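Residue numbers (numbering that gives the first Met the number 0), protein chains in the order written: chain V, 0 to 102; chain X, 0 to 368; chain G, 0 to 692; chain W, 0 to 194.
The hints are simulated quantities; they were obtained by calculation from the structure and are not laboratory data.
Bear in mind the structure is a predicted one, so any value in this text is a computation, not a measurement.
Check before you lean on any hint, since a few could be wrong.
Per label pair, the in silico range of CB-to-CB distance [to be verified]:
1. W:Lys100 with X:Leu74: 56 to 64 Å
2. G:Gln464 with X:Phe365: 52 to 60 Å
3. G:Ile686 with W:Leu166: 32 to 40 Å
4. G:Arg33 with V:Lys58: 51 to 59 Å
5. V:Lys58 with G:Trp202: 48 to 56 Å
6. X:Lys354 with G:Arg66: 26 to 34 Å
7. V:Lys58 with X:Phe123: 50 to 58 Å
8. G:Val192 with X:Phe212: 51 to 59 Å
9. X:Gln360 with G:His541: 52 to 60 Å
10. W:Gly11 with X:Leu74: 35 to 43 Å
Glycine included, each C-beta is placed from N, C-alpha and C at the ideal position.
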Amino acid sequence: MMEKTLLLYQLLSCFLFAAGIFLIFARNHLIALFIGLELLLNASALSFATYTYAFSLPKEGYLFPIFIIVIAAAEAAVALAIAIRFYQNKESSHVADATVLQG
Amino acid sequence: MEKNIFTYIQQYYPDFILLEWPFAFLVFFLFAFLIINVLAIVAGLATYAERKISADIQARIGPNRVGPYGLLQFLADGVKMILKEDIIPEGVDKLLFKLAPLLCLIGVFFSTLVLPFSEFFVLFNSDVGVFYLLGLSTLIGVGIFLGGYSSNSKWSLLGGMRSASQIVSYEIPMTIVALTIVLLGQGLSLSHLTSKQGIFPWNWYLFHNPFTFISFFVYFVAGLAETNRAPFDLPEAESELVSGYHTEYSGMRFAFFALAEYIEVFVLCALAVVLFLGGNNAPSFGLDPSHLFLQFLQTLIFFLKTFLLYYIVIWVRWTLPRLRVDQLMSLCWKYLTPIALFNLVGCAIWIWIFKGKSIGQICLSFFGL
Amino acid sequence: MNISELFPEFGIMAIMVALLPFCAFIINFFIPARFEKLISSLSSLTIFSSALISSYLFVSFFPQGNRVFWFKDWAWFSLLDANAHPLSLPMGIFLDSMSVTLLLMVTWASFAIHIFSTYYMKGEERYSRFFVYLSLFTAAMLGLVISSNLFSVFIFWELMGFCSYSLIGFYYEKEGAGNASLKAFMTTRVGDVFFLLAIVALWNQLGSTNFLDLTQAVSLNTLSQQTLLGVPFLTLVGFFLFLGTVGKSAQVPLQIWLPDAMWGPTPCSALIHAATMVAAGVYLALRVFPILEAGNLLLLIAYIGSITAFLAATMALIQKDLKAVLAFSTISQLGYMVLGVGVSAYNASFMHLITHAIFKACLFLGAGAVIHSIHTQDMMNMGGLRKKLPFTFFAFVCCTAAISGIPFFSGFVSKDRILGEALFLAWNDGYFWPPVLLGNLTAFLTAFYMARLLALTFLGNPRDQKLYDHTHQEHLKWNKNIPLLALSLFTLGVFFSGSLTGQGIVKIFPEPAYEWFQNFIRPPLSTKVEQLYGAQHELHHHLHVVGAIISALLAFLGVGVSLAIYSRKTQFFSSRFKFLEIVIEILKNRYWFDYFYEKIFIQKMLLPLNNFAAKMDLEFYDKYVIDGQAKTALSLSSLSQKIDEQGVDSVVDFSAVSVKFFSAILKTLQNGKIQIYLLLSFILAGILWKIVL
Amino acid sequence: MFEFFWPLMASGLVLAGISLLCFSRNIVHSCFYLFLVFIGIGLAYLSLQLDFLAVTQLVVYGGGVVMILLFAIMLTGGNEQTSFSKNILNKLQAPLMGNLKQTALALIVSFIFLGALVYFLFISDYFSMMPFSPQTIRENQESLTFSLGMILGKQHIFIFEFSSLLLLGALIVAAAISRPEKEEKESVKIQEEIL
């Protein structure tokens, strides 16, 4: 039972990761890119939790999902604030409009 | 839960043997069915109670045509709602428009999963019950926000945004206040918190120390705001936003929103009862704790306390005028959150100094008891 | 017996007692001054909670007896001495029966004064600032009381000095107030310098300034053989410590600052210059009592105390200012306490500290109420106020009875015990007769001038009818009269002793348990007097009875004579006896102490020295050392400038040019698409992985 | 009790969510699908009996991040802004939700990643580490919430405090960034008046 669940969740986290990469490459909307990033983070968190559970590893393994969630929350706040500010300045959410530092 | 019932049946019918998971599924299905139906009826009766109590407060008679004292009014309303035409306006985001009321209702029904109606009558005795309940209320926030957004209407959008910001903001004082009680009870499980309290009022966390006493009121105010009840019903303020986030909804979808709101009020009152008012503690009369009579008594007491709070919620609605948006936000961030934080620290200091004793115990210890 | 492990929470409570007013100070410091109610109520509430905690501490300590203490040290910071031994400077808490009793007194008296201040300072311009200072002061005093070693005592000591300075100069628009605050600050500094020297010497010798260590060192005679500057070590250190007491407790010859300190607001006079801060000197003397005793300084202390008591009492006789009389009487009573230390009456001296704090605080508050009502401080313009201010009058009568030593009042109990002990000592040791005589004379004078104060202020007929008519009729007001009446309640002797004299001689209550004060507070080591003459119980007993009778008679005589004279007249002696004019002239000039310090000591001795030092600084040091350094630096910098411009700059320019060149190449990699960047980084990571693994 | 049921439901929800995410060209719908993915991962945690993680996932992601995302979408013009970039330099850029060329590139990259991950998954030693010792019996052990709390409060207190500091910093920075600057607008107005 547990082996199957572990395999299932590992594959699930692989798919999540791939989907995140896909979203990052396929979208130009700032917030859509951000959604892709969230998928990447979730994939790694799921992987950590599954391994720790399946092999009875030390409980510190469960801290990684928690800290990933913390980091994601902080990241969400700052990134979306930047997106909003960007939109106020440029009236666009297109990543290619961030040209201030472009050579 | 299913193990409790299994052992209970085995007490009387020792031959009772069933396959484990189908039995568990059956029990769960039955009880989930029971709870959902009871809560739907509670919500329906709440609409009736709201109308009747408001009528009482405003010196009117209220509904009195359908059934004795108009008791069946809510059934008539429900039939009317179902028979109405389900209008989906032009230009709405159809997917989200259809999903939003369901999301609300699902969120609310999920929150009944952990309520300890009696000592054994808990569907899922989670370790993180309080946290779970507080988390689910944001799910409802998402539903309301999506409903407001998808309607493609200015009123709805404004209502949805207001509701979302309100729920997210008032989540904070509420969580901190719940944390105060968790600190006292040293556990997140609702059954655990209930068992830490007693039958009598001086055993309740409400009168445990001054900080919890203040906390209760903070919780109550934040709960009112969280469920969009008056005087915090800005998302559906009739005078400003027609009807807020459910302006464009009709028929059963509208009823879902209303149902969700009434059940959520019930859930928040129930959480208040568990956290502050002693939960389902009942005198045992020397009986075995698993005795069926005790379970019924506990359920009865739990519902009685909850309905008492529900009455106060309705009373408040018909007494106080509505707040402005800026007043709403400043109430949350400038008053409730600091008070809640102060309470948290104060309660921690209280526990540290008095070794977790309540005021009652301290008073008793003065008399050498 | 150390009970710090039994009751670890006592330390937290003691810290809370001192920290709560300090928190109030910090918070009030940042609250805008216009929130007066908030600031005053915060200060009062914190001191009230402190008072509750200290009451709890007292109640916890009381059943444990007198030799129980609570002690804990924390290293504040540590240094390495020349031999690389760590010298740690600890901060710590020391609670024993004396500390908790003093905590109780200070917190409740301070609370009463806080409450009174809300009445007295109402409408003042710097109302909020006053409460800020009051909180800081109370915190410092409480910190001093719970301190475990002389270093932290010194810190809080100086903090109190600062508060005293600020509050004396509270009305800084008036020139006199500013000068008085400077005078108080500088005069107490003289004592403090010696105090600090004593601390340093003790630290150097013992490596610790902890009270317990000091007591142990004295009891084990570890320091008795050592000398410093040719003087026995303990004598020198004890003398320096006592000089700290002299400065803080306004003993002769450093008593000159206390009368001028009356420029401050009356509640602060009540708190700082009557009840607590000046008593801190006596508290210090009691704390280091074993050192003083081992240093054979007691005779000197007794002489200084009795002379102070006598001189101040005589000066109080001719004062016309209400607060000035009280100021001199404070000095006189402090002299009694020091006399008590000098005659080894440890317990009685501390008892007098407590009783004096209560009745003197009450007297000052009453004086504040009178001044606030009639808007003058001159007693010659008062009279007959008993009808207008009945509650204040009642409190004044109680306190006057207490300070004069009328039986059944607290002053009689404590003062009589000091005089009785002194008499007993003098009987055995003839050198102590002058202090005894001066003490008894002062007892008479005290009764006389206090009754004069009472008579001139409250009795008789109004002398200035206009002022009298303007005076408001007093009604019972919670923040004016309740503190007064509460304090005056505690002028009764029964709170301190179950017997009339505090020695269990004339018993009011039969059980000896009522002599709680005597049993509760004991010196850390048994005194030499006890060791030498302890067997003479009979004599001790009889001399106490005799002393009590004498002092009671003197008190009654003084009060009676004074009331008889001054309830009708304001002038009596100077108009009848011409030869007294010289005496009055001496007293008016306060024995020329101020004149001596100002004209001779400062102007003739310190000023020339100062001028010489200034000349050295300006003419020699500035001109040659400093300016020469500057010139050298200037020439060096011009040299380095040349090197910088010609040598280093060209290197910098070269690096900039090279960066420009390479950046032109690298720029082509950046086209602004984030996905391409990501892809490039992936490819790079893949290549790295291939190389590494 | 329904051990076989929850993992299937969770993975079904997640897979449905990510496939819908990949096909959706509507940013608000994307957000809702993301919500589904989060709920699915929460269910996955729940099926591993990690209640605390599940509820944290629900609260922070389901409630917090999705809500902020929706707000951000509202404040950046919502779904209507599907046009090409307005920048003159980047006139030929792809539309906001991507075009065919970009999708093809993304597909290639993501399949390479998927392949690599699955490959590493199967060549790793973990699946040969038999027998499994899953923490199936929870009644005898202390609850996860309790032990996590002990770990966080004792061994890893510093990192815990640091993360709270990080969150506070993020909050302040977010508030500071998203606040419109008044001075700039005034100066722009003055410039317009001059012109």
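* Asked: Which of the listed hints are broken here?
  -> The structure conflicts with hint 7 only, although it agrees with all the remaining ones.
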